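Q: Please work from the sequences and hints to get the whole structure.
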Amino acid sequence: MTRAYELRIDRIRCDGRGLCAQLLPELIRLDDWGYPIIAPGPVPEHLRPLAERAVEDCPVLAIALRRMETRKAAGR
Amino acid sequence: MNEPRLLAGRDLRSGAETYAEHVSRLGPLPRRGAVLIDLLTASGLTGRGGAAFPVGLKWRGTARAGGSPVIVANGAEGEPHSKKDRLLMSARPHLVLDGAFLAAHVLRSRQVVLYIGEHHQMARAAMERAVAERPPHERDLVRVFSAPARYVAGDSNAAVHAVTAGIALPTTLKPAPALVQNVETLAHVALIARTGHATGTVLVTAAGSVAHPGVLEVDTRSTVASVVASAGGVTEPARAVLLGGYFGAWVDYDRASELQLDPTALKDRGLTLGCGVIGLLASSRCPVCETAGIMRYLAGESSAQCGPCFFGLRALADACSRVANQGANAQDLGRLERWASEVAGRGGCRHPDGAVMFLQSALRTFPSDFAHHSAHTARRTA
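If you're matching them up, the sequences are chains A and B in order. Everything in the first sequence is counted per the numbering used here, starting at 1 for the first residue and increasing by one. Everything in the second sequence is counted per the numbering used here, starting at 1 for the first residue and increasing by one.
Keep in mind that a hint or two might mislead.
[Said to hold, decoys possible] Stretches of chain A that chain B covers, calculated by requiring three or more beta carbons in the stretch to come under 8 Å of a beta carbon on chain B:
{"hint": "1", "region": "26-37"}
{"hint": "2", "region": "42-56"}
[To be verified] Taking lysine to aspartate or glutamate and the EDC-like style, the derived pairs with C-alpha atoms no more than 20 Å apart in a straight line are:
{"hint": "3", "chain 1": "B", "residue 1": "267", "chain 2": "B", "residue 2": "252"}
{"hint": "4", "chain 1": "B", "residue 1": "267", "chain 2": "B", "residue 2": "301"}
{"hint": "5", "chain 1": "B", "residue 1": "174", "chain 2": "A", "residue 2": "26"}
{"hint": "6", "chain 1": "B", "residue 1": "174", "chain 2": "A", "residue 2": "10"}
{"hint": "7", "chain 1": "B", "residue 1": "267", "chain 2": "B", "residue 2": "254"}
{"hint": "8", "chain 1": "B", "residue 1": "267", "chain 2": "B", "residue 2": "353"}
[As the list claims (entries may be wrong)] Far from chain B by the CB rule (all over 12 Å, computed), these chain A residues:
{"hint": "9", "residue": "3"}
{"hint": "10", "residue": "4"}
{"hint": "11", "residue": "5"}
{"hint": "12", "residue": "65"}
{"hint": "13", "residue": "67"}
{"hint": "14", "residue": "68"}
It is worth saying that the hints were derived from the structure and are not from the lab. These numbers were taken from a predicted model, which means no experiment stands behind them. Ideal Cβ placement from N, Cα and C applies to all residues, glycine included.
A: Quick look at the structure:
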């Protein structure tokens, strides 16, 4: 089983610099005020390097790649 | 139908129940260990601060996390129309303390913080007097913290941040180990620990166009209509109900009147009892203007820490106000729909989510009012 990762944003840290959306427009777009909207779901394998780049280059360290929690709980 | 349990005892207008009266009426606090968590789970008790999270599950999670959590009795009650928490603290402070001490006992905590809204002076005075009446081994655990009169101060994450770091704002930092529980929830815990089963009642605040607005303790099977009747009936025909306060939802009065208040049943219908506010909107009032006023308030209550909430709620409130003041236009109606769906889930706390759910309920419940609204001066929300 491959490990699934998702992009998470610390909304308090995020200043809306917009770098992430430029690096990874496939998964990140900006709202009308310049703050990122992340496509839901896991980061596709082929976009992982770009996602890592977006994480590293965020000037305020507001974005992270997190292992997705496996949801075993029924009915969720 | 269940009789009042939380507000049983002496006349509510005659001040707080003393410790002696409390013990003679209910008996001493049973010292239950971890079995209390099973009792709470079996009782089906859910949090009465707004989120209706299962209490047994919350305590079990806190117990598993280990450490020595701080127990926060949340009496911030920043919801504009809600009065039930301060009434409970003013009239039955020992029930709240019992619940907090039970939590401290079961979760091996040495710290109980009474987090009370800064303007709720009577409630604070009653709680402080009650603490002074308790034996030293309980009294010494307690600290009182004033919650700023801000809507977000009552958020559980903000409450923990306040009592551990002195900052009553939500944070995305790793929280200190804590159990935050609304004061009414703790009072239910105090009764469940004694009887072993659910109280079967909830506290609600009837507001808006009812003859006698105020706090009522009612059976969870009672309907909205019966709460309205208990509050003296309507003062004029009702159009809709704001169920659950500002993080709740507008519901057409005809549909709402038959709804039962049971928090879990409401949740299953996609609704919420929230903090228990049942606010009636008279048919003479304009739902668009009411919604615009509340959105303006919620935008102003953003803690301004996260862009999507700070800018998004302000833009939504502006668009709503433009529809209210200048009349319906396709551009703003489109923006309301789009921004609402974009803003939800993008804050460090649930403030934007609650505000957006409220707005979406307005768009769903009053579609033709929004679509055909003609310009008229916004009336302030009561």
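Q: If a hint holds in the structure, say so; if it does not, say that too.
A: Going through the hints against the structure:
no., hint, verdict
1, 26-37, "holds (count 6)"
2, 42-56, "violated (count 0)"
3, 267(B) with 252(B), "holds, 17 Å"
4, 267(B) with 301(B), "violated, 25 Å"
5, 174(B) with 26(A), "violated, 30 Å"
6, 174(B) with 10(A), "holds, 12 Å"
7, 267(B) with 254(B), "holds, 19 Å"
8, 267(B) with 353(B), "holds, 16 Å"
9, 3, "holds, 23 Å"
10, 4, "holds, 19 Å"
11, 5, "holds, 19 Å"
12, 65, "holds, 16 Å"
13, 67, "holds, 17 Å"
14, 68, "holds, 16 Å"
Violated hints for the displayed structure, listed by number in ascending order: 2, 4, 5.
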